[in-house]
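**Student:** Here the structure of chain E is known, so what remains is to put chain P in place on it, guided by the hints.
Residue numbers (our numbering), protein chains in the order written: chain E, 1 to 116; chain P, 1 to 112.
Just so you know, the hints here were simulated from the structure itself, not pulled from any lab data. Just so it is clear, the structure is predicted and the values come from calculations on it, not from any experiment. Incorrect hints may have been included.
Stated by the list, open to error - Once the Cα atoms are required to be at most 30 Å apart in a straight line, the calculated DSSO-like pairs of lysine-lysine come out as:
| id | chain 1 | residue 1 | chain 2 | residue 2 |
| --- | --- | --- | --- | --- |
| 1 | P | Lys104 | E | Lys78 |
| 2 | E | Lys83 | P | Lys56 |
| 3 | P | Lys56 | P | Lys26 |
To be verified - Chain P regions said to be covered by chain E (calculated; three or more residues, Cβ under 8 Å):
| id | stretch |
| --- | --- |
| 4 | 32-41 |
| 5 | 98-107 |
Glycine included, each C-beta is placed from N, C-alpha and C at the ideal position.
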Amino acid sequence: EPEVTQTPSHQVTQMGQEVILRCVPISNHLYFYWYRQILGQKVEFLVSFYNNEISEKSEIFDDQFSVERPDGSNFTLKIRSTKLEDSAMYFCASSRMTSGSQETQYFGPGTRLLVL
Amino acid sequence: SQQGEEDPQALSIQEGENATMNCSYKTSINNLQWYRQNSGRGLVHLILIRSNEREKHSGRLRVTLDTSKKSSSLLITASRAADTASYFCATDAFGGADGLTFGKGTHLIIQP
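So that you can see chain E by itself, here it is in the shape it has in the complex (with noise of 0.2 Å):
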């Protein structure tokens, strides 16, 4: 069955570092998305991505983030410089349809970031 895959899987850097987080989603979904969840709390919404664009953001998403699609296959959340409290376990996610909520979004692994 397709996953969503995620990589790396874990990853250390630095306090004002930049991240990239990757993510290939399922091969024919159309929607895709990034969700955190930070130690012992929620999993948060972050972003939603479709047709190369952003559809949707929390408040979360700031100027800091920034997403990309940059070939067929991966799609990637970037964090410019890093803060301690963006230590996290980020999720991407992909659903097949064009309305992403109506349908099932599937998971990734996630990455664990840790920032010091």
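**Tutor:** Using the frame of chain E, we list chain P on its own:
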């Protein structure tokens, strides 16, 4: 309560027993999804129930949805040790917004 709040927060039962988890939400929805998360791992989709559905089954899972009470329940029958995990409900917003809103989850422990 906030959108997508589960209760109980934690549940410990004996293997073979049934486990019931509840979710309440505040705004109108298109659908409600249940996910499982093993400790420190990714989210595994279990079941999606649409707002015009009242009950749905998948293997040992049974989900109900009561839109008048803005609540859903997840029943796992004949529980197994491997069912030990956190279970989350996630809702969309009726306006067709993309992002799912997750609850804090129910941590289920199955005692062998």
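**Student:** Work down the list of hints and note, for each, if the structure agrees.
**Tutor:** Outcome of the hint check:
no.: 1; hint: P:Lys104 - E:Lys78; verdict: holds (26 Å)
no.: 2; hint: E:Lys83 - P:Lys56; verdict: violated (43 Å)
no.: 3; hint: P:Lys56 - P:Lys26; verdict: holds (21 Å)
no.: 4; hint: 32-41; verdict: holds (count 4)
no.: 5; hint: 98-107; verdict: holds (count 8)
Going down the numbered hints, you'll see the structure goes against just number 2.
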